[in-house]
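Undergrad: Here is what each chain is made of, one letter per residue.
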Amino acid sequence: MALQDKYKELLDTARSVGVTNLQAREQDNVLYIDGQAPSGAAKDQLWNVYGKLDPDFRSGDVVMNINVSTMVPGSKVLVTTQQSNLNIRKGPGTDQPIVGKAAHHEVVTLVSKTNDQWWLVRTDAGEEGYASAQYLSPQN
Amino acid sequence: MKKHLSMTVIVLSFIIPGILVSSCKEKDSKIQAAVETSLKNSGMPEISASVKDGVATLTGECKTDADKAAVQSMIAKVKGVKQVVNNCTVAPPPAVPAPVVIAADDPLSKGVTDAIKDYPGVKADVKDGVITLTGDIKRAELQKLMMTLHTLKPKKIDNKLTIK
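Taken in sequence, the protein lines are chains F and P.
Mapping to my numbering: the first sequence position 41 is 41, numbers consecutive.
Mapping to my numbering: the second sequence position 64 is 64, numbers consecutive.
Hints may be right or wrong, so weigh each one.
[As the list claims (entries may be wrong)] The calculated lysine-lysine pairs, modelled on DSSO-like cross-linking and capped at a C-alpha distance of 30 Å, are: (1) P:K127 with F:K52; (2) P:K123 with F:K101; (3) P:K82 with F:K90; (4) P:K68 with P:K40.
Rather than coming from a laboratory, the hints here were simulated on the basis of the structure.
Given only the sequences and the hints, what does the whole structure look like? Please build it.
TA: Structure (structure tokens):
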């Protein structure tokens with residue numbers, strides 16, 4: 001329970017911002033925090049608290065898998081690449097051929113979540129394919 | 001004289017059961033007090049008991065089946081208790097959290113490769129679910145990289161990055 005004490009502020013924040021299905025489990029000296037945040041802002045808030053409690057994420061004693069509950073199939077999501085276009089591929093994987101592109105900060109429709117890493121998206125131009133989930137963020 | 005006797009019988013027939021009933025009630029309340037003391041001393045104040053005609057009825061919630069059996073045999077030994085009706089419920093065991101799912105190295109390595117490709121200074125090694133990061137990164141980019149890596153279900157992330 002020592003880690004739950006160390007990260008008490010983080011868990012308290014998760015409860016106060018309304019993270020649903022919140023789970024905090026300690027296993028082999030790592031605290032696993034899972035749940036769905038109600039918004040991108042709530043998720044960012046959690047990460048800011050985590051970064052404060054463990055500066056530069058050095059301790060390696062937390063794995064925090066919090067996703068945003070508004071990012072559901074049918075919703076609009078924002079392309080958050082560094083500055084380049086986002087590749088849209090035929091299948092889920094970087095080894096798959098590129099079938100389209102979405103611009104940096106373009107809004108696309110989330111069609112389905114194939115897995116945690118690859119999501120099927122459709123652009124307003126009608127291009128449909130798989131994009132890496134790490135470049136897709138909630139629209140807020 | 002005969003009439004007088006029958007009157008006495010009639011009067012007594014009212015008084016005697018009255019005495020018996022009141023003494024029985026008195027006895028029940030004494031037993032009840034003894035039962036409550038016994039419950040209190042055993043550290044089970046959440047169990048309550050009511051005694052009627054020497055029958056002790058227990059209600060409340062026990063932590064385990066063993067506690068339920070223990071409280072019953074304890075109350076059965078209290079002086080004056082003829083019978084114990086054990087209506088205690090047993091609390092369901094606390095839900096055991098599902099074990100943490102850790103990604104296998106193969107999909108994890110693939111996810112890590114994709115995650116770090118935008119950060120040219122970052123190198124990553126995956127072994128037994130542990131991601132070890134080496135190389136360097138700009139401070140402003142660290143959190144974004146971490147947010148991605150944490151969704152890959154690693155066992156842990158060992159951050160040995162030099163932060164510029």
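Undergrad: Next, verify each hint and record whether it holds.
TA: Going down the list of hints, with the structure as the test:
Only pairs whose Cα atoms come within 30 Å are accepted, and P:K127 paired with F:K52 is accepted, the gap being roughly 28 Å. Between P:K123 and F:K101 the alpha-carbon distance is near 27 Å, which keeps this suggested pair within the 30 Å criterion. For a cut-off of 30 Å, the pair hint linking P:K82 to F:K90 is broken: about 79 Å separates their Cα positions. Taking the CA atoms of P:K68 and P:K40, the gap is about 15 Å. The hint holds against a cut of 30 Å.
Checked against the numbered hints given earlier, this structure breaks only hint 3.
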